[in-house]
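Work out the full structure: start from the sequences and follow the hints.
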Amino acid sequence: MGLREAKKERTREALVEAAVRLFEEKGYERTTVAQIAAAAQLSTRTFFLHFAAKEDVLLANSVPRVELGVAALGDRRPGETPGDALVRAIGAMVADASAKDLPTGLAAARARLVATEPAVQARLLQRMATAQTALADALHHAYPDELDPVAAAAVAGAAIGAVSAAAVVALRHGLSPTQVREAMLKAPATAATHLPK
5 MGLREAKKER TREALVEAAV RLFEEKGYER TTVAQIAAAA QLSTRTFFLH
55 FAAKEDVLLA NSVPRVELGV AALGDRRPGE TPGDALVRAI GAMVADASAK
105 DLPTGLAAAR ARLVATEPAV QARLLQRMAT AQTALADALH HAYPDELDPV
155 AAAAVAGAAI GAVSAAAVVA LRHGLSPTQV REAMLKAPAT AATHLPK
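End of the sequence shown sits at 201 in the numbering used here; the numbers just go up one at a time, nothing left out.
You may find that some hints are simply not true.
Heads up, simulated BS3-like pairs for lysine-lysine below, C-alpha to C-alpha not over 30 angstroms straight-line [to be verified]: (1) 104 to 190; (2) 104 to 12; (3) 12 to 30; (4) 104 to 30; (5) 11 to 104; (6) 11 to 30.
Here are the computed distance ranges between Cβ atoms for each label pair [what the hints assert, rightly or not]: (7) 11 to 84: 32 to 40 angstroms; (8) 145 to 165: 36 to 44 angstroms; (9) 107 to 67: 18 to 26 angstroms; (10) 31 to 149: 45 to 53 angstroms.
Hint data in this document are derived by calculation from the structure and do not stem from the laboratory. It should be emphasised that the depicted structure is a prediction, and the values quoted were computed from it without experimental measurement. Backbone N, C-alpha and C define an ideal beta-carbon position, used for all residues, glycine too.
Quick look at the structure:
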């Protein structure tokens, strides 16, 4: 990572940290973009250079995380089944979430707010649909003879849905970051049992 990219990453992290803290202290609705920026000692303009809206802070790492999964599927290993490849790709995404979203409290804040805030729900559903499409396309391209586009979409959707549901329930039950990670890792294997061997 170059100096410029590292600075951008630190700025995004500062905004996420400030947002999570303010959402906890003041509530999501009462927290403004200007307050998040001020708490991070940045301008509102800087906030909008990194995030399109307040709810996007809660999904700060979602785009690069999906790119990790797509790249993993594009790197098909010899003899690897579609199910094994999907589990490996999801594993890469879960590892990223474990490193970035669980320790900062971002995942817990997202799990709490998705149940109560329509804007967060809508953005999360939009991001999940985008992730499912990207992973389904990558899975189909990696296994064009085994999976048609519809089957790839169904399996990718099941895996993403399973991981998301497992994470939300684990976080709501107050499980430790390690337990949340384990729950997320088990979820795609369950979905992948429906893939051809």
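Cross-check of the supplied hints:
In summary, the hint linking residue 104 to residue 190 is supported, as the alpha carbons are separated by about 19 angstroms, within the 30 angstroms threshold. With a CA separation close to 15 angstroms, the supplied pair residue 104 and residue 12 stays within the 30 angstroms bound. Restraint check for residue 12 and residue 30: satisfied, since their Cα atoms lie roughly 26 angstroms apart, inside the 30 angstroms limit. Taken as a hint, the residue 104 and residue 30 pair is honoured in the structure, with Cα atoms around 23 angstroms apart against an allowance of 30 angstroms.
For the given pair, residue 11 sits about 16 angstroms from residue 104 by alpha-carbon distance, which is consistent with the 30 angstroms threshold. Note on residue 11 and residue 30: the hinted pairing holds, with a Cα-Cα distance of about 28 angstroms set against a maximum of 30 angstroms. Checked against the hint of 32 to 40 angstroms, the C-beta distance between residue 11 and residue 84 comes to roughly 38 angstroms, which is consistent with it. Checking the proposed 36 to 44 angstroms range against residue 145 and residue 165 shows it is violated: the Cβ atoms sit about 21 angstroms from each other.
Here the CB-CB span from residue 107 to residue 67 is close to 20 angstroms, well matched to the stated 18 to 26 angstroms. Remark: the range hint 45 to 53 angstroms for residue 31 to residue 149 is upheld by a beta-carbon distance near 52 angstroms.
Going down the numbered hints, you'll see the structure goes against just number 8.
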